[in-house]
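Trainee: Here are the chains, one letter per residue:
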Amino acid sequence: MPAITEIPVALNKDEILRYSRHLIMPEVGMDGQQKLKAARVLCIGTGGLGSPLALYLAAAGVGTLGIVDFDVVDYTNLQRQIIHSTADVGRKKLDSAADKLTAINPFVNVQKFDMRLSSENALELFRDFDIIADGTDNFPTRYLVNDACVLTGKPNVYGSIFRFEGQASVFATKEGPCYRCLYPEPPPPGLVPSCAEGGVLGILPGLVGVMQATEVVKLILGIGDPLIGRLLLIDALGMKFRELKLRKNPDCPVCGAHPTVTKLIDYNEFCGIRGEEKSVSNGVPEIQVEDLKRRIDAKEDFVLLDVREPHEYQICNLGGKLIPLNDLPTRVNELDSSREIVVHCKMGGRSAKAVAFLQQAGFSKVKNLAGGITAWSERVDPTVPKY
Amino acid sequence: MSKIHIPTPLRQYTGKQSTVEVKAGSVAEAMNALVAVHPELKRHLYTDEGKLRAFVNLYVNDEDIRYLQKEATPLSDGDNISIVPSIAGGSAQSAVKRGI
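These protein sequences, in sequence, are chains A and B. With the working numbering, letter number 181 in the first sequence gets 181, and the count goes up by one each step, no holes. Count along the second sequence from 1, then add 387; that gives the number in the working numbering.
Here chain A stands alone, though its shape is the one from the complex (with noise of 0.2 Å):
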């Protein structure tokens, strides 16, 4: 259990009011209520999870709210992130989130942590709460949550989504397991699903979230069974919840009898992102978007070939011929090598893998058009939406 700071706080007539279905249950009472707003909980993220997560955490009288975000609120973050709202769109997150969580519960202290939390921040940052919520959406940041959670004894109360999918679990506690141990080692960043097999729906992390923070309020007051040694498997198509054994490795590097993790690491290098890689286009033959328009108009003789997937074709396309990345190896015969092939996708990326396995199967007129069908939707017509 965590050592929540043993303050004493008062409750005042307006806060007793407020929390009343709180205090006449037993397991809660005045004594609960007290820890509540005595916890100092730090969210990482107020994006899908984050959310509801600490629009809970708020209503629930947690007394100090940390709240970590770099982010500006955009059009596609509303589907899901339902602590911000269609004006917020523009806007710093953080700013959005803190007037929301203020607006529900004006007791509650919300500190705004305007950063990208890094391994030069992280340890300082978290010394200063109680509990850890990880509302993030990459592994780099999750191995460092997770390191930095171990390392400062501070519980890391975890959930993560994939489309119709979500893991929830409590990492990071004195006798329990961490996410190392679970997973010593991230994917590999080829292998991790892309965009097109993305996407997630919107509802479910609104579940994780709130599973949560029932985690996050259980480990305040010490009641119930928290999910520690307990990884939760959440399907929300088959709307089947299963349970899974955790067990602490003894050599974990982080958590075990003789870590070889004793200080925070660069987790980007760790989970094999390098600078290079931040750029899709590896390398391959590209063209501009307005080349490619200036190349339509002329009536010029090429294939345009979209990899993407069928629904996407769906939501906007150029008129290309439709042979998604996975089905190329299969497909690349209806393909003519001694014509000029332009390939896009959503923004590039697929596209370029998608050239450099045709440069490799033989076709030497490839192009990758950079920035994909959103670069076409800003810079030559806007009438085609965006994804």
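Because the hints were derived from the structure by calculation, they are not lab data. Predicted, not measured: the structure shown is a model, and the values here were computed from it. Check before you lean on any hint, since a few could be wrong.
27 Å max Cα-Cα, derived DSS-like pairs, lysine-lysine [as the list claims (entries may be wrong)]:
hint : chain 1 : residue 1 : chain 2 : residue 2
1    : A       : K240      : B       : K403
2    : A       : K248      : B       : K457
3    : B       : K390      : A       : K240
4    : A       : K245      : B       : K429
5    : B       : K403      : A       : K321
6    : B       : K438      : A       : K245
7    : A       : K248      : B       : K438
8    : A       : K245      : B       : K410
9    : A       : K245      : B       : K390
10   : B       : K410      : A       : K240
11   : B       : K457      : A       : K245
12   : A       : K321      : A       : K365
Partial chain B-side listing against chain A, Cβ under 8 Å, derived [to be verified]:
hint : residue
13   : P396
14   : Q399
15   : F442
16   : N444
17   : D449
18   : D451
19   : S473
Where is the CB? At the ideal position from N, CA and C, for every residue including glycine.
Guided by the hints, dock chain B onto chain A, whose structure is given.
Mentor: Coordinates of chain B only, in the frame set by chain A:
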């Protein structure tokens, strides 16, 4: 028969099936049978040296095979095998932003 549960990210390699039934006496046999039917799964589950990838965990019922007899763990009729890869999503934003 044993039932292998396929996680969402890998269902594209099993013709969208969420479970695959196999007849096998051990986890290794079950996984071999699975990748024999769905060969594309192999590179996602195993390294070039044939080792199970570090971000993929296998469970028999609710136990991690690393704490049983690893891939030699025997199977009984009706056992459930779960393939549980690590997922990182919190808002499904970053993969899209990186454009991968």
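Trainee: Does each hint hold? Answer for all of them.
Mentor: Hints versus structure:
For the given pair, K240(A) sits about 17 Å from K403(B) by alpha-carbon distance, which is consistent with the 27 Å threshold. Between K248(A) and K457(B) the CA atoms are separated by roughly 16 Å; this keeps the pair inside 27 Å, and the hint holds. Under the criterion of a C-alpha separation no larger than 27 Å, the hint pairing K390(B) with K240(A) is consistent with the structure, at around 16 Å. Of the supplied pair hints, the one linking K245(A) and K429(B) holds, its CA atoms being roughly 25 Å apart against a limit of 27 Å.
Taking the CA atoms of K403(B) and K321(A), the gap is near 24 Å; set against the 27 Å cutoff, the hint holds. For the hint pairing K438(B) with K245(A), the CA-to-CA distance comes to about 23 Å; that is within 27 Å, so the pair holds. A distance of roughly 22 Å separates the Cα atoms of K248(A) and K438(B); the hinted pair therefore holds under the 27 Å criterion. Restraint check for K245(A) and K410(B): the C-alpha separation of about 25 Å stays at or below 27 Å, so the hint holds.
In summary, the hint linking K245(A) to K390(B) is supported, as the alpha carbons are separated by about 18 Å, within the 27 Å threshold. Only pairs whose Cα atoms come within 27 Å are accepted, and K410(B) paired with K240(A) is accepted, the gap being roughly 24 Å. The suggested pairing of K457(B) with K245(A) holds, with an alpha-carbon distance near 15 Å, which does not exceed 27 Å. At most 27 Å may separate the alpha-carbon atoms for a hinted pair to count; K321(A) and K365(A) meet this at roughly 16 Å.
With its C-beta approaching chain A no nearer than about 5 Å, P396(B) sits inside the 8 Å limit, and its interface hint holds. Checking Q399(B) against chain A: minimum C-beta separation of about 6 Å stays under 8 Å; hint holds. Annotation: interface hint on F442(B) holds; nearest CB of chain A at approximately 4 Å, less than 8 Å. Checking N444(B) against chain A: minimum C-beta separation of about 7 Å stays under 8 Å; hint holds.
Interface restraint check: D449(B) against chain A, minimum CB-CB distance 5 Å, threshold 8 Å, status holds. Satisfaction of the interface hint for D451(B) is found here, the shortest Cβ-Cβ separation to chain A being roughly 7 Å, below the 8 Å cut-off. A least Cβ separation of about 4 Å between S473(B) and chain A falls short of the 8 Å threshold, and the interface hint therefore holds.
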